[in-house]
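Using the sequences and the hints given, assemble the complete structure.
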Amino acid sequence: MEYHNVLTTCPYCGTGCALHLQVLDHQLVGVLPAKNHPISQGGLCIKGWNAHAFVNHKDRLQTPLVRKGGKLVTATWDEALALIAEKLSALKAESGPDSIGVFASAKCTNEENYLIQKFARAVIGTNNVDHCARL
Amino acid sequence: MAEETRIGVYICHCGTNIAGVVDVGEVSRWAGELPNVILSRDYKFMCSSPGQELIAKDIKAQGLNRVVVASCSPHLHESTFRGACVSGGLNPYLFEMANIREQDSWVTTDKLEATKKAKALVAAAVYRVSYQKPLESLFVPMDPSVLVVGGGVAGVQAALEIANSRRHVYLVEREPSLGGHMAQLDKTFPTLDCSACILTPKMTDVGKHKHVTLFTWSEVESVSGYVGNFTVTIRKRARYIHEELCTGCGICWEKCPKKVLDDVFETGLGYRKAVYTPFPQAVPNIPVIDRPNCTYFIKGTCQACKKFCPTGAIKFDQQDELLTVKVGSIILATGYEVFDARRIPQYGYGRLANVFTSMEFERLTNAAGPTGGKVVLRDGVTTPKSVGIIHCVGSRDVNYNNYCSAICCMQSLKFAHLVQEKLGAQVYEFYIDIRTPAKAYDEFYQRVLKEGAQLIRGRVAEVTNEACLPGEDGKLIIQVEDTLIGKQRRIPVDMVILSVGLQARADAKEVAIKFGISCSVDEWFIEKHPKLDPVATMTDGVFVAGACQGPKDIPSSVAQGSAAAARVMSLIGQGEIEIEAATAVVDDGTCVGCKECIPTCPYQAISFIEYVRKAYINEALCKGCGTCVGACLSKSINLKHFTDDQLVAEMVGAMQTMKLFEAS
Amino acid sequence: MSERLTALRETIRQILPQVDGVIGLKTGPAGIVAPYLFKPGHPEMLDSLALWPKEPVPDTLKIIQKAYPNARLAIVCRGCEERGVVEMFKHAQVSLENLTLIGLQCVQEEALFCRCAKPYTVHARVTVGSPIAGVPDPLTEAFAAKSQAEKLAFWKEQFQHCIKCYGCRNICPQCFCNVCALEDEKWVETGRLPLPNPSLYHIIRAMHMTAKCVACRECEETCPAGIPLAIHFRLVARDVKEMFHYETGAVIEQKPPQLLTLEEGDYERSGLP
Amino acid sequence: MYEPKIIGFLCNWCSYRGADTAGMARMKYPPNVKIIRVPCSGRISPELVLRCFREGADGVMVLGCHIGDCHYANGNHRTAKRMAILRQLLEYNGIEAQRLCVDWVSAAEGEKFATLIASFTEQVRQLAPFVEIMQ
Amino acid sequence: MTNSIPEFETDSNCFLIIGSNTSEGHPLIATRVLRAKQRGAKVIVLDPRKNQIGHWADVFYTFRPGSDVALFNGLLNIIITEGLADQAFIAERTENFEEMKALVAEFPAERVADLTGVPVEGLYTVARLYATQKPAAILYAMGITQHTTGVDNVKSVANLAMLTGNLGIPGGGVNPLRGQNNVQGSCDMGGLPNVFPGYQPVTNPETIAKFSKAWSSSLPTPNSPLSNKIGLTVTEMISAAGEGKIRALYVMAENPMLSEADINHTRHCLEKTEFLIVQDIFLTETAQLAHVVLPGASFAEKDGTFTNSDRRVQRVRRAVRPVGDSWPDWEIICHLAGKMGAGGFDFVSPQAVMAEVAQLTPSYGGITYERLEELGGLQWPCPTTEHPGTPYLHKNRFSRGLGHFFAVPFKEPAELPDQDYPFTLTTGRIMFHYHTGTMTRRSKKLDSEARQAYLELHPDDAQKIGLNGSRRVRVSSRRGQIELNVRVTERIKPGVVFIPFHFAEAAANVLTNLAIDPIAKIPEFKVCAVRVEALSGTEHRGGTDHRSGESERRTRRDE
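Residue numbers (my numbering), protein chains in the order written: chain X, 1 to 135; chain G, 1 to 664; chain L, 1 to 273; chain Y, 1 to 135; chain B, 1 to 559.
Simulated from the structure, these hints should not be mistaken for lab results.
It is possible that part of the hints are untrue.
[Stated by the list, open to error] Lysine-lysine pairs mimicking DSS-like chemistry, simulated, CA-CA at most 25 Å apart: (1) L/K39 x L/K62; (2) G/K659 x B/K272; (3) L/K255 x G/K614.
[To be verified] Pair by pair, the computed Cβ-Cβ distance ranges are: (4) B/L535 x L/A153: 39 to 45 Å; (5) G/V585 x L/E10: 50 to 56 Å; (6) L/E242 x G/R291: 19 to 25 Å; (7) G/D588 x Y/R26: 46 to 52 Å.
Bear in mind the structure is a predicted one, so any value in this text is a computation, not a measurement.
For glycine and all other residues, C-beta sits at the position ideal for the given N, C-alpha and C.
Rendered as structure tokens:
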């Protein structure tokens, strides 16, 4: 019997509303607005109120998938990451770093965006890194 | 992929009833353009055989899967057209009716407006029908035993009919004996045969019938269950007589020293003992001890009856018993009460000695009655020379009962005949209208007229003993406006008979609630349909017979007794019972278990299933009123055939049509 | 405020060993408060116990009890929250068995903030703070005095700001249905902003709050459009009290009135023909 | 002057038959009310009434059996309570309660039915069209 | 955003909202505008559609999509000619005023009214109100930027704010509202082809040197410098993939298959990509084309920070463990880098990553998890751990020194309506969905609110195309066609139609034009020419639209 609220930031628009994820025994059970937060002040829009709804959706990807014989089949992390590492290294060697492009994401955290551009720039060696800021 | 909706629409002309006002051709053309309507026809009489065949044929030939008929009230022909759908192979619940006669052509003056309204009503039905779903009825096994409540002539008749078909009957009667009001009567109109002579054989038949269990001096305590499966608890009141030991020899009431005024059977004109049977031919012929009047129970002494009883059947320590029986159907034949004439003070009943009620007169003139059949005044000796009989006492009167009590005209004419026959006295009848609609009734009326009775048309204003004209001394004067000659008249008579009306029993409402049926404003039990289903009630498996449903004469009561028996037998014959398909169901996926619906159900059909914390509706108990639907906040209850989708669609159909006309 | 906090902390500290958990408020990151389940093994968590802003704790109770129907719990509740628990009990959403109510009496400024007529508990046997009298609700009074046309104009103005976040419903502990009529296109137009006129959203919600609203005002607080939603509920509550003699949260045994048959005088007071 | 659009919900056992009675007696009344048959007035949820208004109805009638005369024992008791509250709520929303008629008509009261339809139609006609006040 | 969200409530006296459906796109920002209005501030909304905020604005005008520059030039001209410009501000803080003034003089109100569809008096009302009610904030969103003239539009916005001295003051400013929760952050973090974190240009040798040094352990050889060649944008990368120039794409949590303009083209290009890696939480339309799909974690399953529109860095906290065998995205990248033999990716937590960010990014220099825990959020620039953050920018000087007025000539959108394609299509968002619907369409409550795409059409146009009560239409452009339901509404300007772009089955971006802004490379989502045809026979006379209610309940029960 563990119940607590985790303060976090809404994953939808750029307003930056805060919300509490209600957690009972390591399961999300709902959302509560955060009353004295400077941006959202205890309010949320419909998307924020339902921010937890997709987290446990049955369509969530649960394992890596690799295309074999035209179909995506489940794979281990090791398998998938090894395949990517091998393939990217080979293409980079063959056609140069600028034959590879990386999409960062407006839905991922700052840290992840930092890491992926670092990955593109330092590990691959290209500035072909962009995200959907324009969309 | 859902099946394509294919609707057939039929507009009935109803001769000129509809077509004379509504442009049926135009409505039909217009309906043809409504969504999913495959064909639209208009026809002279949809309810005729060719009309019905048209529907069945179209269903097959055109592959219709929904049918709308715009004609009269569904109360008249819904079942007809449902039948037509079934014969075409369509589930009857895929049919919908638009009422363009009672609600349109008959009530709308402007023809253009009437046509518009017909369009809106047809559109409503078309929109609704596409949301209708085929429903299959639920079947429950039918217990072949029957409960009959009331041992008057209607109940006796019903019990006999059923018992004779070798089905078991439990007959419950409140009084110590079967017989009811009919046992009190002297002669019966218009044939003038002796009431007791025709009734008592039937009573005896019932009393000794091997398929009848008789509970007299008993009442129904409670009823639960539903058609096919009722559980009835009967309170068998203590008679203080051991029924098996008693032989009905009569020594006890002979020996009983306590005389009691008999105000039930003898209407207060005669006496009985503290241990008694109401009348000699009582069935069962077993007395009861009248506890409030019995000396033993009052003082602890006497015990005369016990001392003399040859079989030792007197049991002062007997207690009420509660018995439970299982039955599949119930017939209520609880009868009526007579109107209390004291409520009309100007007629003097209870104040003026020689004002009698009709029931008192029955006892007076009855050979088995307190006077041995001598018609005398209250003094017990004087024979009246002139008798005034007042009709409609307490009936057809806005101050008391609005309705006609049906029997009073004939009973009054019967009294006229008896008075003239027995005394040769002058009879005046004061009437509003003479109503003699049944077989041989009017002939009897003509006969009484020929016998010399004087009929005066007018509602009696007053009965008084205050003489003010010569010849009025010592008489009762009847003050009346003779409406045929338009004059006030004062008729002095020796005796006045008040032909009191019939009214529902004082506890009718209570009984109705107990059996889950309804009462009208006048507290008569309400039948399912006044014309087409006169003995069934809204509660499946509960039927009514006789005067508890409304004022009735003997032939009608007997006919209803038989009719109710026939309905019951038909149910039993089916072996299992179809339960109303339009019941409510809980969607347990969405029910949040708030218990809001449970107290709303008038039939206790909803229970709370604790381990899933959801509501559950027993479909066999549900009568389909939908009150729970209106209460459910999460909209988790749906009433089949009256779903929100269907009602909203119907409303949208009507609204959109109205808006369309508004825009154009 | 801090006196009450100390007293409450002490009360919980005493109750904690006798129960499986105490529902109360806890201060989290950046001073933001949220409901929390204090557990017997961790009295140190009480250091971050909080009083204000209040949160819809009856709902927290429901969440925990649905998973742990037999848990022995205590809940810190203000007057409105206590009423909420009682009403939810009547609708079989929470259980009063194994539940200790710790009544927290509101102070004047809190009562004024909520325009609260009953800022005190009545059922809780353990209480903290001393009860104060209710305060008037000037907003509702001012509304009630308006003409029909003014009322219509008032709501038209207010409702055009509604962004249909469902926050008023989501936060309401008394709105516990799994499936909500407000989300059904049959009743409420979906996906349209601003709400069309008339929008059934707020009327149906007010209807559903009849004899249920406990006047906690959580809906108003969470409304991004600042709509004074409680006006509806409070006026209807007044009618329910007048017509059917029912007040939410007042008597635990009293059944909600709408479902029952008419009692003596109900019908006359309803104003119907 | 305009022609009000009115929806009438009538219980099957009393009011609908009352309407039939009026019809059989050829009593004339205005054609504005379109009748929807329900088993019992207790079936009529407030949502149903409100949906009529949403659809643009100028008035709604809810007719049931007389109190104490319900074919389902006491279904109309709930109608009496619900509709009383709903009328208040309409007022609080600035919608005239006169647009919602709640009354009781027995099967015998054809005349009362016809009179009621006529008077309610007139009563609604006196008010502005519903769609207009909502603009 | 130059300014902060809370300032709108407390400081702003006027709002000019253009190209933003604020109450649906950024509801809680609209809340602030509403509160400001309730204390007396004026709200001006200009949009091709009368969106919700337009309903309660003090002043609302529709204008022709793509005529933004003309509109702004007209407003600038009125303000200058009426003498409402902030002369002191212009003199002290700006340059190139005269050139701009000369250009806008060619935009007299009458001409602008013709070009935009805003009446002359409307232009005056807007200009006077905005110029006089200081501080005045301009709020805009993709309605300004998603044009071939996107950069021009933004310059025009800046012109207006500078002309009235509405920059560098609380409650004023130029405030682009960010559509996605961390679009600001991914830009800040260098998720752009031309800059390192903190907008440090890749073309600057010093920056290259700084990062080459800091990241040396990650480089193939410690001394090989980072590339100083500006990379390709998303749109360019996709096209390059189609041409075979890009051979591998690593897509982290993006769904270009729905979000890019001209989806048919995008599909073609992605299908041709030799090696497509997609890292996401759902099997998106893009992931379905991938060669390798990596399951990432949702916001509830990982720690980190997001930076919102007003540059506020706030925490995201892990509430539950990732579903199945999915990993937080930061862990995936670190593992992948490790697999490729790179060092410098051995972070133990996002907190450690932020420490490195702070070191390399001056504007994030003072941002630490400890401070965020205590303070909640910090607005950059926040250079040191003592710095309280910066609520509004350009207080005493612009970052480049003086504010530059641009003379912006008016250009028509790339595609204008003609005889074959007579309507102007504009796309946008609705309240109930987010971007490509990957998340929101999997939320029952959101999806039931809006489960289908629809086209907004003016009643006059409905009559013109002979809609005749039908509820379905086919919309086609030179690039493709879709079929969808129609909503006839007076909210939209005649001649213009609107489709929300969230719905894959009737994807608006099948129709949109891939023409891009020459500088920002942003596609012109907001304007293209389409044809609308009524599809007959499906529904009758307005139809039975409550039917959706029933099917909705059925679906819910099935789940």
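These are the hints, each one checked on the structure:
| no. | hint | result |
| --- | --- | --- |
| 1 | L/K39 x L/K62 | 17 Å, holds |
| 2 | G/K659 x B/K272 | 55 Å, violated |
| 3 | L/K255 x G/K614 | 19 Å, holds |
| 4 | B/L535 x L/A153: 39 to 45 Å | 41 Å, holds |
| 5 | G/V585 x L/E10: 50 to 56 Å | 53 Å, holds |
| 6 | L/E242 x G/R291: 19 to 25 Å | 50 Å, violated |
| 7 | G/D588 x Y/R26: 46 to 52 Å | 49 Å, holds |
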